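For chain E, the structure is supplied; the task is to place chain Z on it using the hints.
In the order they appear, the protein sequences are chains E and Z.
Take any residue in the first sequence, count from 1 to its spot, add 9: that is its number in the working numbering.
Take any residue in the second sequence, count from 1 to its spot, add 9: that is its number in the working numbering.
None of these hints come from the bench; they were simulated from the model.
Remember, predicted model here, so these are calculated numbers, not experimental data.
What you were told as hints is all true, and nothing was included just to trick you.
Facing chain E, a subset of chain Z residues (Cβ under 7 Å, in silico): (1) 499; (2) 538; (3) 539; (4) 604; (5) 615.
Once the Cα atoms are required to be at most 27 Å apart in a straight line, the calculated DSSO-like pairs of lysine-lysine come out as: (6) 471/Z / 40/E; (7) 232/Z / 532/E; (8) 232/Z / 222/E; (9) 313/Z / 160/Z; (10) 486/Z / 54/E; (11) 40/Z / 600/E.
The beta-carbon is built from N, C-alpha and C at its ideal position, and this holds for glycine as well.
Protein chains: 2
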Amino acid sequence: MSFGYHNRILRVNLTNGTIKEENPGEDFYRKHMGGRGIISYYLMKEVPKGADPLGPENLLIFAAGPLTGTPMIGSGRNSVGAKSPHTKGYGDSEAGGYFGAEMKRAGYDAIIIEGQSDKPVYLAIKDEEVQIKNATHLWGKLTNEVEKAIKEEMGDKNARVTQIGVAGENQVLIANVVNDLTHFYGRSGMGAVMGSKNLRAIGIKGTRLPKIKDQSTLTELNKVMGKNIKENMKGMTELGTTAIVNSLNAVGGLPTYNFKAGSFEGADKISGETMRDTYLIDNEGCYMCTVDCKRVVKIDDRYKVNPEFGGPEYETLGSLGSCCGIDDLQAVCKGNELCNALGLDTISAGVAISFAMECYENGILSKEDTDGIDIKFGNGQAMVEMIEKIANKDGFGELLALGCKPAAEKIGKGAMKYAMEVKGQEIPMHEPRLKQGLGIGYMVSPTGADHCHNLHDTVYTKMGPGLENMFPLGLNKPLPASQLDEEKSHMLKVGSLWRHFSNISELCQFVPWSPSQIEEAMKAVTGWQTSLLEMMQITERAVNLTRLFNLREGFELKDDYLPERFYEPLEGDNPLKGAIVDKKQADIALKAYYNLMGWDENGIPTKAKLAELDLLWAIN
Amino acid sequence: MSFGYHNRILRVNLTNGTIKEENPGEDFYRKHMGGRGIISYYLMKEVPKGADPLGPENLLIFAAGPLTGTPMIGSGRNSVGAKSPHTKGYGDSEAGGYFGAEMKRAGYDAIIIEGQSDKPVYLAIKDEEVQIKNATHLWGKLTNEVEKAIKEEMGDKNARVTQIGVAGENQVLIANVVNDLTHFYGRSGMGAVMGSKNLRAIGIKGTRLPKIKDQSTLTELNKVMGKNIKENMKGMTELGTTAIVNSLNAVGGLPTYNFKAGSFEGADKISGETMRDTYLIDNEGCYMCTVDCKRVVKIDDRYKVNPEFGGPEYETLGSLGSCCGIDDLQAVCKGNELCNALGLDTISAGVAISFAMECYENGILSKEDTDGIDIKFGNGQAMVEMIEKIANKDGFGELLALGCKPAAEKIGKGAMKYAMEVKGQEIPMHEPRLKQGLGIGYMVSPTGADHCHNLHDTVYTKMGPGLENMFPLGLNKPLPASQLDEEKSHMLKVGSLWRHFSNISELCQFVPWSPSQIEEAMKAVTGWQTSLLEMMQITERAVNLTRLFNLREGFELKDDYLPERFYEPLEGDNPLKGAIVDKKQADIALKAYYNLMGWDENGIPTKAKLAELDLLWAIN
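Just chain E, with the same shape it has in the complex:
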C-alpha cells in the first residue's frame, strides 16, 4: 500500500449499529486520492438517485487526503460530504483544525456514516475501538459543552471532536459541522445531514502517524516554508483573513447591503485592524501550521463574547457585517460566537439575514412576519436575535433556516430578486463585478456559490510571484480582473481546478506552497511517481463526478446562473461604481469553460471526457 494512506475506511451504519472496515486498495487512492475525490466517488456510487438528503439513504463522509496529518505545514485540513439538503445536489465542505489529522492517526483515511440512528448518539473512536454511544444528554447543548463532555467521557483531554450544534440537530439547512470548536465545515448544510442521522458528534483519538516515503524531502520543504512564513506572512498571522475588509472596501469589492453595493461606509469599524486594536486577544491555527490565521476575540461590554468560540474571519465580518449594513463590531463578534456555539454557517446565515433585511426595507416583509423584530439594514441586535431564531427554528427563524432561496419562494412577492444565491447556496463575500471570472466560477461550482474552489481574478492581474508559480499549471499570462471571455475561462479552469485539488490533497490554500512544491510533497509523502498533470486529472475526475451527481439529481444548464443583481450596476462610493457582469460575455465565458472542461454546450461531460477520466461507470 502507498505511503500517506492507511488503506482503511471506517463504515458505520447508524440504523443497525454495524461497524465495518474497508480496504479499497491503491488503485482507488490513485484515482480518487482524498477529500472531495473520495466523497464524490462514494456519493455517486452509493447514494441512490433522488435520495432524501435528510433520510437514511444519504451518506455522511468524513474524508482526509494523503497529506492530512502528515508533518507538512498546512496539512490540517479535512472534508465532509453528503448529498446536500441545502442545494439538493452534491455537497461537501472543508475545515481545518485537528480532527482530520487525528482521524488519520486513528488509522482511517475516511469515515462513512450510513443510515439513521433512532436516538441521539455520538461515535467514540480510539484507533480500532469504535463505539456508538448515547448522546441524549448532549442534545440541545452548546458546542463547547459537548466538546468538554465528550473529552471527559472518552477519558482523554487530547481527543478531538467534530460535532454539530443545535442548528444541526434541528436540521437547519444552513447548519455547519464544527471541528475543535473553532474550525468549520461551513457550506452545503452538512450539519443538517449529521443532525438527520441523530449523530451529534465524533470523538477521536489515534496513536499512529501516517507513514511517509521520503521524510527528508518533506523536512526540507517545511524548512523553506517555515522561513517563508516567518519572513513574509506576518500580516496573515497578525490579521488573518480580516485584513481584506479594508482593502476590498477600497476597490469596491466588499459586499454591502445584500450585494447592492461594493463598499460600506462603516467598513473600517468592522475591519481586521479595528478588531486587532479592540477585542482580539489571541490568534490560533491548525495542525502543523505556524501561520495561525484564526482569530480569538473576547468582549465583555454591550455584548459578552466567549473566546472559546474564536473570532470572526473575513467572510463573517462581511456576511454579518457589511452585507447586513452593520458596523457594530461587538454585534458581529456576538453573531459569530452564536453561529459557532449553535452550529450555523456564518456566510449563509448572514446572507439569509441580509436577504430578509432587504425584503423588509422594500416592504415585502413587515414586523408581523419577523416576530416584531425591526430587521432593517444596520440593526446589529436584530441580526444577533435572528441567528438564535434560525438555529432554533423559532418563529421567523424557521423560514430563514431554509436559506434565502426557499425562503424567497415561500415569501413570494418578488422576494426572489433579493435572494443572493446559486443553486440555493448563499453567495460568499466575493463580488463578481470585481472578480469577473469568479462569477462564472459561482455558476459552475458543484456546491453552488463557493469562493474556495474558485478563481480569485485579482491575484493574476499582473506578472509576479503568484503567476510565475502557476506556470507549471499552464497559466502564464496575466489578465485584468474585469476581463470576461475565453481567456478568462481558461484561467478559471486552471485556477479553480487547482483549488479543487486542495480539497482533495487536503492542504490549506493559505499556506503559500507553489504547485511544484506540492508536487514534490505528494511524491515525498506517497512514494508515487506522480505529476501535476496526474494531480489535475484526479481533480478533473472528482469535479466531473460532482457534475454527474448534480445532473443525475436533475440539475440542468439553467441551474448554472448568477443572481440578476450582478448584471446590474454596482452601487457605493467606490472605484467600481456602475460595474456590471456583462450577460453576453458571461455566456461566452460559461460556454468556453464547458468547452475547456470537455463538457458539451449544455454543460454535460462528453463520453470522451468520461472515458479519459475512467468514469464511464458513472453514466451506466
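For chain Z alone, kept in the frame of chain E given last:
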C-alpha cells in the same frame, strides 16, 4: 535568458544574401520551446496562405530543442520544417546524428532559410562566421562526395554536414534531408524544399556547449540511464529497430504486398537477425548516445553496398522489403544505400514502388508505362532501378517522384485504391488493423501518415513498467491494441502528444527516459520551474498550430481519412487474418479525439482552446 538556449536564431535569405540574427527572448522559448514548436510558430506566422512550397515564400527551418546538444543521453535530435510540397500542408521531420548538436554548439537554436538562391549554394557556418558559398561543383554528386568536399573546403574534418541529395536537387517530392550521411529527416519532402532553394548543404562547426542550469542532476540521470542501457538494452544495440521484422510478422503486423497482408513468407530472410548474421559489419549512433541502434552493412556480392551509407532500419526493411514483397536482403540493402546516397525517403520510396507494383499486377500499369521494367511484387532489381529513376526523375520515375497519391491521380483507372497514404504522405510500416489507435493517429497527424508522433497501441496492452511510467501523464489503464473507442482516443491523445513532445524537446524516443525523468531533465537544463503539464501544454500549442496551418491551407474534415484498404480484411497467414478497422468505431474514436483535443466536430480548434494556448493571434 534561460539555460539550454542561446537566444539566437540565424536567418539567412538566399534571394538577397542577407544574414541576420534574431533574439526572440525567453517568453518565446517557454511557449514554443524547440523543434516542432519553433517550426510551427514561424510557418504559421511568416509563410503566407497558399504559398508555393517550392517557391521563395516558403521557409526552411532547422530547429533544435532545449535538450539538443546537452550532455543528456539521447539529445542528438533536431528537426527541419517547411510547408510540405508533398502534403501541401504543415511539414517537418526529425533526425538524429550530430548536426543538431553542432548547430547548438555554433550558438544557434534554429536556422531559418528564406528565399531562393539563383544558383547552387551551401552554407558554411563557424560560430558567428556565416558564409553563403558556391555549390555548383557539388550539384549532382552523391551525398558522401558532398560531405567530404564540404569538410575539406571548411578545413575541418569535424564539421557536421546536413544536405540534400540528387533527389532533393530535382525537387522530388519524397526527397529527404541527410545529417552526417546516415541520419535522415525523411518525411514530408523537406529535401525538395531545400532543393527549390538551391541549397545543397549546410556545413557547421561550433565551439560552445549550451549552458546547463543544474549539471549534477543531469549527470545523475545519465548515470542511471547509462546503467539501464547497458543492462537492459542489449537487444536494441544488437539489432536496432530491425528486431521487429520477425516479431511483427508473427502477430500479423508486418506490412506486406502494399498493405494487403500483415505477414510475409519471406520475412525471416529480410529480418534483423538475418542481417546481423550476414551483412552487418557495425552499428553506430548519435550524439550523446550509447545505444547505437543504427546499422552499418557492407555487401560485395550480387550487389555492392558501401558501408559509408549505413544500413536499413526496420522501416526500410519493411518498405523496400515486405511491402514490395521482396525477400532479397541484398537488394533491400542496395535500395537503402541508393536512397541514402541520392536523398530519398525510404518509406515513401518503398510505398510508392509497392503502389506501382500493385497497379502493375492489376493491369493498371504495364511495361510500356514502366520503361520496360517488370515491376511486379518481389522483383528486387526492379525496386533498385526504380529508386534511381525516382531520384533522377527519369522516365516512370518522374511519376513516382510525386509520391503515390499524385501518381495515382495521374494514372487514374482506379489506381487510387492502391495509394497507401494519408494527406499524400505514404503510410509507414505500422499496421492500423493491428494498432487500432495508431490508425486514428494517421488520420489526424498534421504531416499525414506518421508513426513517430503516434500511439503504438501494442505497448500499452497490459500493466507494466511502460504503462506505470505513463501514470504521470494521466494514462493509467491498459487497453487491448484492438480496442477502438473513446478510451482509445484518450490513449491516443496522451500517447501521441507525448511523442510530439519528443519532437519539441528533441530527445530521442528510443532512449527509455520516463516522462518524470524528462521533466527532471528539462528543469535541470533550463532552470525553469516547469512541469509535465506545462510541457504537454507547449505540445498542444504546437499541435494546434500545425492544425491551424493545415486548415488555413484548405484541409478539411474529409482530409482526416484512412485508405479504404484498412477497412477491408487483412490477408496473410497470421493470427490477425481477417482483421479490419471498423469504420463506425473509427468515426467514434476520431470524434472523441477531436473532443479531447478541444476541437469541434469538424476538427477545428475551438476559440476557447486557442485562448487556453494563447494562440488567438493565429486565427486573426
